[in-house]
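Protein chains: 2
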Amino acid sequence: MHGLIGKIRSAPGKREELLDILLQATGSLPGCLNYIVARDPADTTAIWVTEVWVDAASHKASLSLPEVQEAIARAKPLIVGFDFQIETEPAGGFGLPKS
Amino acid sequence: MHGLIGKIRSAPGKREELLDILLQATGSLPGCLNYIVARDPADTTAIWVTEVWVDAASHKASLSLPEVQEAIARAKPLIVGFDFQIETEPAGGFGLPKS
Numbered sequence: 001m002h003g004l005i006g007k008i009r010s011a012p013g014k015r016e017e018l019l020d021i022l023l024q025a026t027g028s029l030p031g032c033l034n035y036i037v038a039r040d041p042a043d044t045t046a047i048w049v050t051e052v053w054v055d056a057a058s059h060k061a062s063l064s065l066p067e068v069q070e071a072i073a074r075a076k077p078l079i080v081g082f083d084f085q086i087e088t089e090p091a092g093g094f095g096l097p098k099s
Numbered sequence: 001m002h003g004l005i006g007k008i009r010s011a012p013g014k015r016e017e018l019l020d021i022l023l024q025a026t027g028s029l030p031g032c033l034n035y036i037v038a039r040d041p042a043d044t045t046a047i048w049v050t051e052v053w054v055d056a057a058s059h060k061a062s063l064s065l066p067e068v069q070e071a072i073a074r075a076k077p078l079i080v081g082f083d084f085q086i087e088t089e090p091a092g093g094f095g096l097p098k099s
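The listed protein sequences correspond, in order, to chains R and B. Take the first sequence: its position 68, counting from 1, is numbered 68 in the UniProt record's numbering, and each next residue is one higher. Take the second sequence: its position 32, counting from 1, is numbered 32 in the UniProt record's numbering, and each next residue is one higher.
Be aware that one or more of the hints could be misleading.
The list treats identical chains as one, so a pair stands whether inside a single copy or across any two.
[To be verified] Okay, derived cross-link-like pairs now, BS3-like style, lysine-lysine, Cα gap no bigger than 30 Å in a straight line:
(1) Lys14 x Lys76
(2) Lys76 x Lys60
(3) Lys76 x Lys7
(4) Lys60 x Lys7
No wet-lab data here; the hints were simulated from the structure.
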């Protein structure tokens with residue numbers, strides 16, 4: 001499995017709008033096992049996204065899907081930058097689809 | 001919802017043993033919606049844990065459960081420290097139980 005943990009910095013006052021776009025963009029994307037979007041309670045413009053994909057290729061392929069491209073285009077003007085971004089290798093846990 | 005993102009530093013050579021304990025400890029704990037344990041591919045003694053709970057109280061209560069207490073006791077000697085620990089407020093996403 002391929003995991004991502006990222007902290008997105010939204011433009012001031014734009015966090016809720018960006019959250020909505022990220023929440024709409026998630027769903028049954030091929031190879032996506034987990035995609036959770038969270039507010040940072042201590043940092044009013046920050047959003048944390050934690051993702052689990054079947055593999056790195058399925059994550060990469062998702063970025064070319066028309067619905068994801070469309071979401072990226074809408075999200076881009078609301079994003080100032082990425083404070084933190086790390087790749088992980090999920091080993092398992094609770095909340096992943098049964099294989 | 002209440003979220004946690006943490007980076008655990010395992011003792012040298014003990015990451016796999018610690019991973020096994022963390023994976024065994026997860027399951028149908030009351031209020032736990034998501035609990036994913038991952039290796040850090042760039043850091044051979046690091047483990048990332050991302051959690052989503054119904055609320056902070058259910059997470060706190062879980063720490064008193066006998067099976068969790070037992071896992072903590074087994075894990076403790078394998079842990080050097082916590083490099084990173086943050087609370088989040090998950091807003092939604094893919095992979096959470098349908099409410």
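Comparing the hints with the structure gives:
no.: 1; hint: Lys14 x Lys76; result: within (11 Å within a copy, 41 Å between copies)
no.: 2; hint: Lys76 x Lys60; result: within (18 Å within a copy, 37 Å between copies)
no.: 3; hint: Lys76 x Lys7; result: both (15 Å within a copy, 29 Å between copies)
no.: 4; hint: Lys60 x Lys7; result: both (19 Å within a copy, 25 Å between copies)
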